[in-house]
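S.K.: Protein chains in written order, with the UniProt record's numbering: chain A, 1 to 439; chain B, 1 to 157.
Hints are computed from structural coordinates only; laboratory data are not their basis.
The beta carbon of each residue, even a glycine, is placed where N, CA and C say it ideally should be.
Don't take every hint at face value.
Counterexamples of contact, computed for chain B against chain A with all Cβ distances above 12 Å [as the list claims (entries may be wrong)]:
id, residue
1, D17
2, D22
3, A55
4, D57
5, H60
6, R65
7, R68
8, A77
9, V101
10, N138
11, I153
Below 16 Å or equal to it, Euclidean Cα-Cα: the simulated EDC-like pairs (lysine to aspartate or glutamate) are [to be verified]:
id, chain 1, residue 1, chain 2, residue 2
12, A, K93, B, D42
13, B, K129, B, E148
14, A, K173, A, D257
15, A, K212, B, E67
16, B, K64, A, D257
17, A, K93, B, E148
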Amino acid sequence: MSGQTDPRAFLGPDRADGTIYNDPALYEMEMERIFMRNWIWVAHRSDLPEAGDFITTFVGAHPVIVSRDRKGAVHVMLNRCRHRAATVCELSKGRTSSFVCPYHGWAYGLDGALRALPQPAGYGDLLNKSELPLVGLRVEEYAGLIFATFDPEAPSLDEWLGAARPWIDLFMKQGAGWPVKTMGEHRFTFPGNWKIQLENTTDAYHFPIVHKSFLDSVDRETQDTFDFVEGSGFVEDLGNGHSVMVMIPELVDLEADLDAPIPERFQDLADALLKDYAPEQVRRIVRAVGGSGFNLNLFPNLACSMAFFRVLRPLGVHETEIRHIAIGMDGGPESGNQARLRLHEHFQGPMGFGTPDDAEAWDRVQRGSVAGRDISILLNRGLAHEEAGPDGRLRSDVSAETGMRAAYRQWLASLEAGPGPSLPAQTGSCSHKAAGERV
Amino acid sequence: MTISLNEAVELVTLEADLLDHDGFREWLDLYVPDGLYIVPIDPNAATFEGVLNYAYDDAHMREKRVERLLGGRSISAAPPARTVRMLGRYRMLEASDETCVLRCAMTLTELRQHRLREYAANITYTLIKTNTGLKIQNKIIKLLNSTENLTAISYIL
Chain A
1 MSGQTDPRAF LGPDRADGTI YNDPALYEME MERIFMRNWI WVAHRSDLPE AGDFITTFVG
61 AHPVIVSRDR KGAVHVMLNR CRHRAATVCE LSKGRTSSFV CPYHGWAYGL DGALRALPQP
121 AGYGDLLNKS ELPLVGLRVE EYAGLIFATF DPEAPSLDEW LGAARPWIDL FMKQGAGWPV
181 KTMGEHRFTF PGNWKIQLEN TTDAYHFPIV HKSFLDSVDR ETQDTFDFVE GSGFVEDLGN
241 GHSVMVMIPE LVDLEADLDA PIPERFQDLA DALLKDYAPE QVRRIVRAVG GSGFNLNLFP
301 NLACSMAFFR VLRPLGVHET EIRHIAIGMD GGPESGNQAR LRLHEHFQGP MGFGTPDDAE
361 AWDRVQRGSV AGRDISILLN RGLAHEEAGP DGRLRSDVSA ETGMRAAYRQ WLASLEAGPG
421 PSLPAQTGSC SHKAAGERV
Chain B
1 MTISLNEAVE LVTLEADLLD HDGFREWLDL YVPDGLYIVP IDPNAATFEG VLNYAYDDAH
61 MREKRVERLL GGRSISAAPP ARTVRMLGRY RMLEASDETC VLRCAMTLTE LRQHRLREYA
121 ANITYTLIKT NTGLKIQNKI IKLLNSTENL TAISYIL
């Protein structure tokens, strides 16, 4: 099916055909060539801090277990028993010493090794346990972000993230000196194609339109902060489909300008923190609580979006799961983390003041995109004044569609690279790394 | 005199009716000023301030939520979804002269943009007697599917 689909037919340099959100064969091709080839974000280090910790999640359509073994190495393994294919774990997270298939009792270690099975004599000498671990993916970590890929030929994660790495480092300053930790998530679906969501986190243009009711609900100072569409922000293509959209330039580096006045909405928090922290640390915490002034889009499934992680997962050509993961300071003040939770609830999730309006817009894009034939989706905003910087990276104004064009270039490159890899049947792992250290 | 089951049920039924019939301003008045409207994610959470919820609304946020519903500037709530909710299975968990804890079940049907959706929830109300009658101190709505994938809920549960 996907062999007959030509991805180039769906995309021009500054536009896409509406069928790009609707073609089932194209979707199958994306799941194989993008979600099995590119590095896919699976977890944050704080999701599995201790030996024996695990979570279950997905790489594209494939259910996986992310575990930390006794030596601290992280493993990403298909959640599929090597005997009859049953999932070996259905908990979303936990701590264990082994994964035991509920069907026939095959037991696997935290590194995926097949340790034992009932009545092995029934196989005679047909079965070599060392050849039947849970199938492992390649796994690498950068600054606490854990990624996996099926592709043994993929470049290193470092190389793949490339120019996005300094932006990840900036994003992690939201720990205010403590490590960043995840603090729960809002998870929801919308009836539309995943690329509609991929575009959204690099779309500043929609913000004052779609989020009018959110802006109505905040104070004037916050409204001014979010009034960025005609500001001095920018979008930059970071290569490999990644891009950064800087909406609030003064909140790019949260450790700069610590003398800047504390916003009124954080004054009570600042006053309370002064009881336990020095004034400079209070300013650092308060700036961290307010979140970063940029969205970093990492192709294809993660965005470090101002103050949270946005993770997308295609469920079907017309169905996408989105997670908005709250983050906070691991070891930082409870009051600061609670302020972050309340800010997250205010905008994000199915009952937030922002997300439902976004979801409505995406829903409308999906429904409208089936109208007519040969009508383009425009991706040319900001192209007229887009320029390459000294480093060769394309940049345009904050409401430009530079980030979408970057993502779609990688989309096409991935699809044109040919069929996905055959599954490696060994267990992949990476060493435990300290905060900020590169693999 | 101890707050009776009838008094408690009368108040929460009034609340349900107001929410199904766009009586959002009147709904605000059913709460005491330091009351909370909470929709948790974790069904086992006992306290909510330190964890992520779907909603953790104090008086200010309730007011904002109502303005959002009435303001016509939210594309997911213009017009708001229409809802019909049924409360039942009432049980008074605690009751005294001043306050009581009432637990009940709710089923809610929502219609928006030709899509009919169903929700079920356990609701725990803490009610308190004031000079102006019985009021809601807090309302905790535990959706049966709170840990599953939800879709946008641009109205008040």
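S.K.: Run the structure past the numbered hints and jot down the numbers of the failing ones, going up.
M.R.: The structure breaks hints 3, 4, 5, 6, 7, 8, 11, 13 and 16; every other hint is satisfied.
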